[in-house]
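Q: Let's have the full structure, built from the sequences with the hints guiding it.
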Amino acid sequence: MSYRAPAWLPDGHSQTIWPALLLRTPRPPYRREQWPTPDGASIALDFVDGRPGSPLVVLFHGLEGSSDSHYARALMQAVAARGWHGVVPHFRGCGGMDNPLPRAYHAGDAAEIRWILQRLALRYPLMAVAAVSLGGSMLLNYLAEEGPSALPRAAAAISAPLDLVAASTRLDRGLGRLLYTRMFMNTLKPKALATLRQHPGLFDASRVRRARTFVEFDDVVTAPLHGYGTALNYWQRASSKPRLRQISCPTLILNARNDPFLPASALPTTADVSPAVVLDFPQHGGHVGFVSGRFPGNIHWLPQRLLDFFLPYLQNSSGQADPVAKP
1 MSYRAPAWLP DGHSQTIWPA LLLRTPRPPY RREQWPTPDG ASIALDFVDG
51 RPGSPLVVLF HGLEGSSDSH YARALMQAVA ARGWHGVVPH FRGCGGMDNP
101 LPRAYHAGDA AEIRWILQRL ALRYPLMAVA AVSLGGSMLL NYLAEEGPSA
151 LPRAAAAISA PLDLVAASTR LDRGLGRLLY TRMFMNTLKP KALATLRQHP
201 GLFDASRVRR ARTFVEFDDV VTAPLHGYGT ALNYWQRASS KPRLRQISCP
251 TLILNARNDP FLPASALPTT ADVSPAVVLD FPQHGGHVGF VSGRFPGNIH
301 WLPQRLLDFF LPYLQNSSGQ ADPVAKP
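Heads up: the sequence shown is residues 1 to 327, going by full-length UniProt numbering.
Hints may be right or wrong, so weigh each one.
Label pairs and their in silico Cβ distance ranges [said to hold, decoys possible]: (1) P29 - P312: 23 to 33 angstroms; (2) R257 - R32: 18 to 28 angstroms; (3) T37 - T187: 19 to 29 angstroms; (4) G83 - T37: 25 to 35 angstroms; (5) R27 - S248: 13 to 23 angstroms; (6) R182 - R27: 25 to 35 angstroms.
Please keep in mind that the hints were generated in silico from the structure rather than gathered at the bench. The beta-carbon is built from N, C-alpha and C at its ideal position, and this holds for glycine as well.
A: See the structure below:
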């Protein structure tokens, strides 16, 4: 399952942008549920229903993502093809849901992952969990906090910002700021201002409107809203890289070395992780890209990589691996 990028996508930016904007997998047959959160809000979860007794694959989306993100559609289509269950839970304010509370979601939000997985585990005893980008940071922090008590049989973090200082610094400069940070600010800032209208005085609206970088936005919104104080303190405390030795759940960490969101120098080595963690750092792939095939390409490689990793751990009650053939 080694990854090789097509020659017609030569760098990390093209390998990131092409699948996100131009490769659209058909929408899976989602069934939506709305769940109340423990603190009085609600979130949306989009399910793909499989055969009774089959495993569940959970996918936590990235920053401002949803069940319609290209990677979510691709994975859920692959899950459906196996006859398995799948679900994409949405974080606060995502998936078309309002967020009435003075909080959002952030890289260190292991508690949000925990209560969602606890509720899913009551219904689906065979569960594997994947998470993308910021969601990957949240998942890795949860796995580290839980240690041997983590609920999934297996997990995977894809293109996670393992070192938030390095990732945010890269995104706030040069092409990162021009191509990606500006896109995120186009949705993060309106959501923050909507929260401010419901909770006046929570933070400085003028600073939100002026924010052009992650350090400016996280300094005024994300960090103080979630108890971190400053952006730098948030990035340092919520980074998952220093905690990877605490993970006991079999976990794949998949990051391309040319990911425009995180420099290769910030990637962990085997000395930084526990024996339960498998590191896969292909030279190419971009940020949650991993396009394959002839022009215009496809995004089948990533779902296959994830499901192949999960398969040995998703055993039924008799201890046998699920016999469904790979699509």
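Q: Give a verdict on every hint.
A: Status of each hint after checking the structure:
For the pair P29 and P312, the beta carbons lie near 27 angstroms from each other, so the given range of 23 to 33 angstroms is met. Distance hint check: the CB atoms of R257 and R32 are about 37 angstroms apart, inconsistent with the given range 18 to 28 angstroms. Against the hinted window of 19 to 29 angstroms, the Cβ-Cβ separation of T37 and T187 comes to about 21 angstroms, which satisfies the hint. A hinted range of 25 to 35 angstroms holds for the C-beta pair G83 and T37, which are about 31 angstroms apart.
Checking the proposed 13 to 23 angstroms range against R27 and S248 shows it is violated: the Cβ atoms sit about 36 angstroms from each other. Taken as a hint, the range 25 to 35 angstroms holds for the pair R182 and R27, whose Cβ atoms sit roughly 27 angstroms apart.
Comparing the model with each numbered hint stated earlier shows that hints 2 and 5 do not hold.
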